[in-house]
Structure formats: structure tokens, C-alpha cells
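Visitor: Chain by chain, the residues run as shown.
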Amino acid sequence: MEELTAPASPTGTGGTAGAVRTVRAGGLTRRYAAGRVLRAAGVVWAAYTLSFLVMELLPGDPVAAMAGAGLQLQPVSEVRLAQLREQYGFDQPVLAQYVDYLARAARGDLGDSVALGRPVTSMITTALPPTLALAASALALALVGGGALALAATYTRRRWPRQVLLSLPSLGVSLPSFWVGLMLVELLSFRARIFPAFGDDGVRGLVLPAMTLAVPTAAMIAQVLATSLLTALDEPYIQTARGKGASRARLQLWHALPNACLSTLTVAGLLVGQLLASSVVIETVFSRDGIGRITADAVTVQDIPVVQGVVVFSAVVVVITNLLIDLVYPLLDRRITLAGAAAVPGAAR
Amino acid sequence: MSDILITEAGRRAVPQPSADPAPSPARGRRRGRASRVARQLARQPGLALAVAVVALVLLAAVWPGLFTARDPLRADPSAILRPPGARHWFGTDELGRDQYARVVHGAVLSLRATLIAVALAFVVGGGIGLLAGFAGGRVEDLLMRMVDVLLAIPAVLLSLAVVTALGYGTTKVAVAVGVASVAGFARVARAEVLKVRQAVFVEAARASGSRWPSVLIHHVAPHAVGPILALAALDVGGAVLAVSALSFLGYGAAPPAPEWGSLISHGRTYLATAWWLSALPGLVLAALVLATSRISRAIDSDRSRQR
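Those sequence lines, one after another, are chains R and W.
So the first sequence is numbered by UniProt numbering: it starts at 1 and just counts up by one.
So the second sequence is numbered by UniProt numbering: it starts at 1 and just counts up by one.
Chain W with its partners taken away, still in its complex shape (with noise of 0.2 Å):
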């Protein structure tokens, strides 16, 4: 948290630059980079246990097969609710299912949600704090009013109207949780458009004669994208968050796919006899939660710092 505060008070206090400092050969630059975040990593545990948790979680969604050879699916009449052992990790539930192998499987539906989430508040809000920012004036007003009201209704209750109007499934999940983050997006894209806006780079290339979607997708995007993807790589933990939370309400993928929001919901009841159906599962999307915040406080001071 500490770190936080300083780079940003550090960024507000340092003003806008308008063009990248020194320039530099694109090679060195990226050999520079990379060092650079190795040795982030070996100076700070945490930071790496976050992206070796990301790493695997991302794994998983590609290829669960690295993982378990069960099938997800597949139940054993002769191994029902066993407690986690060296055989099933993390247990089996009433079906006798391997809840290791379904927690692996499971990944890359809730990995996928969270990201159709995340790039529809990124595209969208984005899309929408650029226009407001650079056009100004009346579109500015309309825009910015209708965020405001977007930022009234609770992110949870603004999912679940746009559920009911779309239906359950996976993707329309997926889109309810965008939808509900599409206004922090906008204001921050209008917030970095307003500072770049006043460039002079800017003035230049409307003086040399470009349109202004020319200016606004070559001038003004490019410098104002970064804050909007800090703010991406912020918002994944909570479109994880998001995506169980309806499908632990039973909003998301139907019951035998192995999302993990309706894994642990499933659990809910056998929680007396059988803790590890919903205990471990939870455990799995908290440590994902923590990692992808974690990776992106630092991916946060570490834009600071460069500025």
C-alpha cells in the first residue's frame, strides 16, 4: 500500500512528458526491461510467487493435461466424498469426481470470462473516456453524465440487471461483469486524455492538417493507453471476483461444467461432511485474486518509477 501512494503522489507531482525520454536503440531497451524485472523478482518474494501462481493458473486454462490425466468429469462410484489425500488432492465430491482435476478444468472457464470482462470494460470504458476527453464540450457533459449514473448503481446489482436481461451462461456473465466496469475505465481514459490533450505534439499534428479520428487514434490513444492498462491489469483480480460471485449464484455455466464459482457454490451443501469441496476451490480463486493484485501494484509503482 505505501508504495502505492508514493509513486502516485509521485506521478501527479512530475508533469505530463510529451514525448518518451532519451531515445534509446528498441534492443538495448528490451534487454533493459527484462533485467530489469528479473531483478524486481529476486529482490521481492511475493511479487514472484504472484506471477509463478498467474503462470500456473494460465497453464492450466491452456493445457490442463500437464496437470491431472483424470477426467474432470469422469465419476467413481467406489471413491465417493473422500477427504484430500495423496491419491485426490484435493478430495472428491458425491459423484466421486476428482475435485483436483475439476478445480484444473475449471480454469479455463473462469479464466476466459474474467477476460472477455476485463477487454469489453477496456474497449468499451476506454473507447468511451477517449471520445469524451478529446471531443469535450456537450459529447464530454452527455458522456461523463452517463458514467456517473453507470458509477451509481452497485457493480454487483448493475451485473445481475444485465443477467436477467441476457440469461445465464458463461459469456453473458462474462459481459454483465464488463458492463459493470465500464465507467471506472471511462474516467480514467478521460482523465489521461485531458492531460494529453493540451501537448503540444498534439496541437502539432492538428496545425499539420490530420482529422481529428487521425489525432485522436495516432496522437492521443497511444499516450493515454497506459494508465488505462494499469487499470486493466488492476481490474482482473476483481472480474474474477465477479464472475464466481454470479456463478456461485448460479448465473454462470451449467451444472456439470467445473466453473469454480458454482464449484464452491455446489459444496455449499455437503460443507458439514465433506469442507474440502468448496474450501479448496476458494482457496485456489483467492490465491488468483491475490497474485493478479499483487503483479499489479507492481506493474503500477514500476510505471511510476519510469516517469
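Isolated chain R (complex conformation) (with noise of 0.2 Å):
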């Protein structure tokens, strides 16, 4: 909520500061971009290593759940048991597993499927083009659809439209996704038989999954979008630029709406989260494969390394979107820089 409230900082994780300490008038400097990177390892690490204490330091025996959870029902006899410790390195101290484990997801191993066999790893890059697929089709329906809403809520004059139009977005997001899906393949599927209903065929098969994961991510676009236009159509720029005689469209798309969209880009790290966590939900309901199927499905069969493994890489992906963030804003948005400069006049040395 942050975020939808304080649109005019650059970044969710408070890179605010940061940002106009270090950076020069003319772009960035090499040591706050330097101190960004290092911050991003920093809490990917650190992602790592909790995904690491909740699996293996919370009540339950990993190896007799995976076990139980594994293909057969059958009970595992002891020195089966004592096998997989060994093979999974649980017999090692805790520290020791800790250590070995981090040395190898440093180079990319995020170790094996337990249900599977297979390197956790090539799972995740399997699983990723659908998803990628996925998401980005629902980000582009999502960018379309809540940048048409913000746009025509806040150029709306009449009350009532207004009010309409303003409250859609809270409305999207209090729909369970779920839902969502499940009423678009009986109404567009089973009923009017225009979009397969579940699998992953082609283009077709795509359009019902893009359209609900885009609901709520449309709404959220919407509401921050529309909070930031109503921000910067109270700027006196905007005043001087109707003096001069501009339509209200073109104050809207060509005054207000530039720098409306600077400030939505701060919330495209917690955008990208939303839209790998959603997938878990909407690549459920429509059986479609990816990374949300994976996770769904190791979790139901207690598959702790690709829990952990997915866990880390959704980490990676929201820390290095908000990273290019932190670089790249300050580039777009002029008004920082020189902001950060006379604030703190040492800082352009």
C-alpha cells in the first residue's frame, strides 16, 4: 500500500534516499550502482539462506516426508531412510549441509527433484517459457486494459462514471483469480465454445489463462497509474500548460501522463512478484505446464529442494527488477538528480 500511496519514490525498498545521496547531476555514479548490486546479491543470499532455515530447521523429518510423499505409499524401512539422509547430506551437520548447499547454488545447482530426480535447475528453465509466455501476454493485456482505465477515470469529469470507474480497480483485485478462471472457461469455454478450456495448445489455449491473470494485475497498474495522473494533473506545470491553452486530452496523454508512468514503474518489482505468484493459481486451473505447476506440485508431494529452488529464483527475478530499476530511474527521471544535488551540495563530488 506504500508504494500505491507515495508514488514519487523510486523505489518499493526504500532505495529512495540511496538514490539521492549518491547520484551526480549528470546520471549515476559508479559507486551508488556499485552499492545496489551489491545490496541485490545481498538479499538474494539472504532469500537463500531463509528458504534454507524454514525447510530444514522446522519441526518434521525432511527425509520421512519425502519419503511418505514420495510416488508409492508404502512404509520406507529404516536403512532406506538412513540411504536418502546420506544421499541428501542430512546426516551431515546442519552448517555443513548449509555451506555445501550455498557453494552449489552459487554456481546454479539448486540440487535434485526429490519426487523427480531431476536437477531442480533444468526443471525451472524447462518450466519457464511457458509461464514467460503467460505472464507477459497478461502484462501486455494488463498495460492496455489498466492504462485505458486510469486514462479514462481521471479524464472523466461527470461524478458518477468517475466514481465507477475509479472503484473497478479495487474490484479486480477482490476477485479471487481462481474464480475468476474457472467462470471465464464455463462462460467462454463450455458455453460459448470460443476458447479451449484447459491445456496448453498454442495461442488459443492462452487467451483465458492471460485474461485472468491481467485482472488483478490490470487493477493494481489502474490504481497506481490513476493515483499518480491525479497527482501530476495538480502540478503547476500542468496549470501553466492550460494557461497556454491545452486540451484537456492532450494535458492528460501528453503533460500528465509521462511522468504518471515514471512513478508507476517503481511498483513493476512487486508487478513481476504478483505475476509469478499467480501463475501457482492459474496454471492450476487451466493444467497449463510452468513454473506455478512445478511449485504447486511440489508442494503437494513435499519436494523440498524445488519448493526452495523456485522460492530462490522468483527472489532473483523480483531483486533484479527492482535493481534495474533503482539504476535506471534516476536516468529517466531528471528531476531526482538535480533534486539530490542541491540537497546535498557535497554529494556531486
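If you're looking for bench data, these hints aren't it; they were derived computationally from the structure.
Given the structure is predicted, the values throughout are model-derived calculations rather than measurements.
All residues carry an ideal CB built from backbone N, CA and C; glycine is no exception.
Watch out, some of these pointers could steer you wrong.
Claimed, not checked - To spell it out: a stretch of chain W is covered by chain R in this simulated footprint if at least three of its residues, at any positions, have a beta carbon under 8 Å from a beta carbon of chain R; those stretches are:
1. 36-44
2. 73-82
3. 236-247
4. 262-272
Relying on the hints, combine the two individually framed chains into one complex.
Guide: Shown next as C-alpha cells:
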């Protein structure tokens, strides 16, 4: 919510102060960039450590859980359990396990799936393309839909239509996405027979899942963009443009929209995380392959390495997104650099 | 949306008050608040509707017998997969169980999980934020870096990781959802404490020799708790959604229990023939989430108007 109400801050994770302090009027200092990269790496490392702790230190014997939850539900002998413990390194002290795992993770080896025996890294890379296709098409739909909604809502002057348009986003985030998906299947697939209901055959199979995923995403974009547009439209430079005779449409699209888009960029990290996370539910609803599907399957059989791998992977994606925004933002928005230079005179050196 | 904007801006512009404005007799203030709430409800029919929806769901959770006399688990072989009608408001499922009774009796499961989740996030997140903001220095850095990490992992995935570790069940799902929103609470709590920490009365309490836990609990926390409570109200809707999503995925209550997410998931099998099995519980769920978000918006704007 903080991101929604503070559209002027460049990042969701409090990067403002850093950006203002060390950014030079002309662009980025190398120190700022290096600091941000280091911090991002730190977050990824900590995310890995955290997921390791959650998985290893919580009650329950992971090996017994894995063995019991495997493919067959026969009781597993003690000897076999001990073998498994050795195979996965659980007979080692926790710290040794951690160091070993971390060293391998740094090389891109996230361990092997317990249920399938395949390397987690290759499972993720195989599952990535369908999820990417889904997320990208949903994002495209959401950008168009959410953007149009925000523009229409802030352009409308009549009270009632404006209120309705402004409240649509909160409706969008209130609908459970799995339910939206099922209803779309019911209406557009079973009733109208326009799109296939389940599976992932080509573009037509992508339409319904993408629409489902686009609903909450568009709502989020519309919320942030509408807030930013209203803020931008209040600024003095808009008054100036209005005084010079610009039409309302021109004010909105030409003068306010670019600045509002900039502020909306700050929630991109949140958005990417949301897209990844929603794919779990949506890929299950539509029986599509992808990151979400392997996650749901892995949770069902308590396949710890896979869950851990997906958590770390998604953290990496979110962190990289935030990092890119942090690095690009001062280049796009010159006001930050100027404000920073003016506020902290020493920073320019 | 627009009212949030204005009020948020207004709240930020106004310097944080260090004490309540004009002291008034407690009773008078309470009556004033009641009449203000009544007036607000009358002026905003949408808000009144939202309050009514939440009240109905609460009532259904506490006292399901009030809404339906049917047993949610009793199968009726003579009425299988009936569409909604006068006899069965939400239709019946493949065993002839009344879907309306199942939704009513499911309210308590969904609501309890939601409350556990929000309470956990409030206590743990709020605690971390208070401590971080108050302690400052290294402790603050460490705690807030941890919060950054939690924020970097998308909420659903974090919940799924916790579910993997803890196992299935409504309470475990609730804990998982709560863990995922700890970070948000910690950030808001810390921000509030940072504002209050500078206040003169905190300095006075320190100067008069109070120990730091006492200053934190008696002087700082009461003044920081408002926005954290407002966030808790906002978080209820998200928690309802997250809990139902996890139970939709099958990690919640075991099959016969009529938890809302699993009702919707179960109806998926009969989607082509019996749309009502998924559609109607989903509508109730959406109505509840929408209502809580409307109320939390009203609370938020009301709070900032008081300032």
C-alpha cells in the first residue's frame, strides 16, 4: 500500500535515500550502482538462507516426509531412510549442509528434485517458457486495460461514471483469480465454445489464462496509474500548460501521462512478483505447464528442493527487476538527480 | 481511490501530533463517534452495504444455525446436482448436499484462518517494526534487511514454502498466509515509530528515568498502533483471498469440511454441468473481500480526517 500512496519514491524498498544521496546531476555514480548491485546480491543470499532455514529447521523430518510423500505410499524401512539421509546430506551437521548447498547454489545447481530425481535448475528452465508466455501476454493485456481504465477514470468529469471507473480496480483485486478463471472457462469455453478450456495448445489456449492473470494485474496498474495521474494533474506545470491553452486530452496524454508512468514504474518489482506468484494458481486452474505448476506439484509431494529452488528463483527475478528500476530511474527522471544535488551539495563530488 | 489520495496526502502534510487534541470527556467523545459513524453510513450506501455483508458473514461464522437448518454434510440422494432454486438457494452438489448450508458453515473455517493470519502478521510484523524503529542502529539495519528479504519473495510463494515445511490444514495455511504479510506490517510499524520517537513526550519519559521497554510499550507503541491497525483492516481482504487460494490448491481443510476455497476447487470438477457449485461460493468470497476493502478504506480516510 505504501507504494500506492507514495508514487514519487523511485523504489519500493527504500532506495530513495541512496539515490538522492549519491546520484550526480549528470547520471549515476559508479559507487551508487555498485552499492545497489551488492545490496541486491545480499538480498538474494539472504532469501536463499531464509528458505534453507524454513525448510530445514522447522519441525518434521524432511527425509521421512520426502520418502512418505514419494510416489508410492508403502512404509519405508529404516535402512532406506538412512540411505536417503546420506544421499541428501541430512546426516551432516546443519551448518555443513548449508555451506555445501550454498556453494552449489552459487554455481547454479539448486539440487535434485526428490520426487522426480531431475535437477531443479533444469526443471525451472524447462518450465520457464510457458510461464513467461503467460506472464508476458497477461502483462500486455493488463498494461492496455489498466492504462485505459486509469486514463478514462481521471478524464471523466461526471461524478458517477468517474466514481464507478475509479472503484473498478478495487473490484479487480477483490476477485479471487482462481474463481475468475473458472468463470471464464464456464462462460467462454463451455457455453460459448470460443476458447479451449484447459491445456496449453498454442495461442488460443493462452487467451483465457492470460485474461485471468491480467485482471488483478490490470487492477493494480490502474490503481497506481490513476493515483499518479491525479497527483501529476495537480502540479503547477499542468496549470501552465492549461494557461497556454492545451486541451484536456493533450494535458492528460502529453503532459501528465509521462510523469505518471514514471511513478508507476516503481511498482514493477511488485508486479513481477505478483505475476510469478499468481501463475501457481492460474496454471493449476488451466492445467498448464510452467513454474507455477511445478511449484504446486512440489508442495503437494513436499518436494523441498524444488520449492526452495522456485522461491530463490522468484526472489532473484524480483530483486533484479528492482535493481534495474533503481539503476534506470535516475536516468529517466532528471528531477531526482537535480533535487539530490541541490539537497546534498557534497554529493556531486 | 480519490479519497484515499487526498487523505493520505493530508496526513503526510500534517505534522504528527504528540498528544490528543482538546481533551474531552470520554463519554461525549464516544457518543460523538457513534453518531459520526451513523451519519457516514447514511451518506455512503456502499459503505453501509459493506458493513452489512461483513456483519452477515460474522454472524454466519458464529451462529450458522441462524441462516440454515440444513446439515452441510448430509447427503440427499434424491436431490443430486440440482440448480439453485427456492429449495436449495445455492443448488446441491454431486452427493445432494445443500451448497448454501455448506457455504454458511464454511464461513467459520475461512474466517478463523483469516483472523489467525492477520493476528500473526500484526503481532510479529508490528513487533519487529516497533523494535527496529525504536532500537535504531545495527538492530534496525538487521531487522529491516530481513524484512527486505521477505518482501523480495512473492507472498504466495512464501506461503507455499511455509506450507511445505508445516504440512496441510486450515491453521497451518493461516500461519503461512500470516508469515507472508509480516514484512508489510514491519515496515509500517517502523515508519510510525520513527515519527513518534522524536516526540517530546518520549524524551520526557526517557529523561524521567523510564526503562526502554517501558518507554516502548507505554509511550511509543500506543501512538504508533493506529496505522498498523488500519493496515490490519486492509490486510483482512488479502488474507481471505490468500487463505482461499491455498485451500483451492488443496492445502487447507481436509475434504468434507466446507472451507470456501476447497468448495470452489471441488466445483471445478462439475464446472460444465453444475456451474453453481463454484460460482456462488466464489461470489460470496468476492463480496466479503470487496466489503472488507471498502470498510478499511473508510477507516483510513476517517482516521486522517480526525487528524
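Visitor: For a quick check of understanding: which of the numbered hints are violated here, in increasing order?
Guide: 1 and 2
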